[in-house]
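Could you put together the complete structure from these sequences and hints?
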Amino acid sequence: MKFSVTAHHNEYLPAGDATVDIIVTVRADDDGSAAGPGPAGMGPAGMGPAGMGLAEVILLDCSGSMGAPQTKMRAAQLATIAAIDVLPDGVAFAVVGGSHVAEMIYPAGREPAVADESTRADARKAVRRATPHGGTAIGTWLRLARELVAQRPDAIGHAVLLTDGRNESEQATELSAALEACDGAFTVDCRGIGSAEGSHDWDGDELLRIADALGANPVVPVEDTSTLAADFTRVLAHSMASRAGDVRLRVRHAEVARIRFVKQVHPVIADLTGRDTAAEFPTGAWSPGDKRDYHVALDVDPMAAGQRRRIAWFSAFSSPGDAGPDEAGIDEAGITVEWTDEFPLFTAVHPTVAHYTSQQDLAEAIRRGLAALESGDREEAARKFGIAAALAHAAGTTAKLDLLARVVHIDDAAAGKVRIRGDVNPRMLPPLTAHGPQTSAWRKPEAAAAGGTDEIEAWRHHDTTWTGRFCGRCGVRYDRAG
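For the sequence shown, the working numbering begins at 25 and goes up steadily by one.
Calculated from the structure, these hints are not laboratory results.
The calculated BS3-like cross-link candidates involving lysine-lysine, where the alpha carbons are at most 27 Å apart (straight line), are: (1) K26 <-> K287; (2) K26 <-> K468; (3) K287 <-> K468; (4) K315 <-> K26.
Note that the structure is predicted; figures quoted are calculated from it, not measured.
Laid out in C-alpha cells, this is it:
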C-alpha cells in the first residue's frame, strides 16, 4: 500500500505565543503490488503481497450470562461460524472460549490452525459444542490471543472480541497489564452484546479501554442479534484485506514548534499522545481504502508579523521492522504558517478543524454527563447532556440524539434543554458510552466546493496536491489565478 497525507489548518497565527490545530488526513491506497487469486489480493496461501501472513483469533464470550437467554449464545455461535466461513485458505486462525479462564475451542492445542476446507469444517463443529459457563476475565482472553498470534511473527494479528458482561473475574490491574502486554501484537474489534430492549451488562468504558489500546477501532453495541453474523463477516473480510500491520504517523516539526497532543479523531476519538517513539505514533493495521483523521496540536513560538515558516511535516508509513521505512516512497505533507497582527485572520477556524473539535466537545460532554449521572449529580448530568444535545443537533447527528433520548427527555435540542429521565436504567448506558467518541467524517459543503466561500480548493504544486494557502514544500502562496 501507499499512504497519501493531507493537512488542514488556519495558516495565520498571532504574533504572540499560539497553538495551531491541524487535521491530518491519511488515506491508504492499493499501490498495485498485490497479486494472486486469493481474497482481497492475497495469494493462494493467504499471504499478502510481501509474503506477510494473517493471524485471526475470535474471542467468544462463553461465560454463564451468555446462556440467559440461550438465543444469545446461539447467535454468537452462528456469527463465529460465519466468520470462519470467510477465512481464506492459508490464514492462521483460532477460536478462544472466554470465561473466568481462556480455553481453546479450536484447535485443541494452543497454536493456530491453518485455514482450509477441513479445518474450517472442524472449527464449525467445535464452535457448535461450546456451552456457557463461569465468569468473565477478559485479560486472560487477550493474553491467550497474544500467545497465539506470537506463533506467527510475520503475520498481521487481529482479534474479534464478543462479550455480554463485565470483567468481574479479575482485577482491573490485571486487565491493564494484559493490554500493555498485547500492545502492538494485534488489533481488536470489540462487540458488546445486549438485548433488543437496549439493556446491556457490559462496561462501555472497559471495552473502550481495550479498543483504544489495541488499534483504536470503534466499539459496536449489538442489540439485534440477527445482524451479528453479517457484522462478523464484514469485520473478518476487512481484516483479511489488511496489508500493513504496524502503520506509523510521523510528526516532524521545526524548532519553533512543539507537540501538544496527537489524537485520532475519525472514525473514533483516541488519544495517541505519549504513545510515540521518536515522534512516530502507532496507528494499527490498515487495509486499502482506509481513511483516518488525526488532530495534531502544536504550540508555536512568537515571531514578528509578516514572517512565514514551514513548521511541521506529516507522513504515514508501514514499519517493516528494524530496517526502517523506505524514505523515498513516503508521501509527506508540510504546513506553512504566517504570523500576523490582523485579528480576523488569526482567529479564523478552518472548517475541517471546526468539524472535529466540535465532535470532540460532543464526546466530552457525553462522557462528563455519564460520569455525573453515575455519581448521582443529576443536575450536572442534565447540564452536560444539554450541551451534548445542542452540539449533536448543530452537527445533524441524529444517532447521538437518539441515544441521548435513552437518558434524557429532549425538550429543545437546539437550545440544549433536556431533563433526566426518572426511569434511567444504568443497563441502558453502555451504547451511549461506546458511541460517544465515534465521529462522522468531514465532508466539504457543496457551496464551498463550488467556490461559495474563501476556502482554498485543492491545488497542485511540485506534483503534489495541497489544500492550504501555501505549498508545504517551498512555501509559495496559492494563487487562484494560476
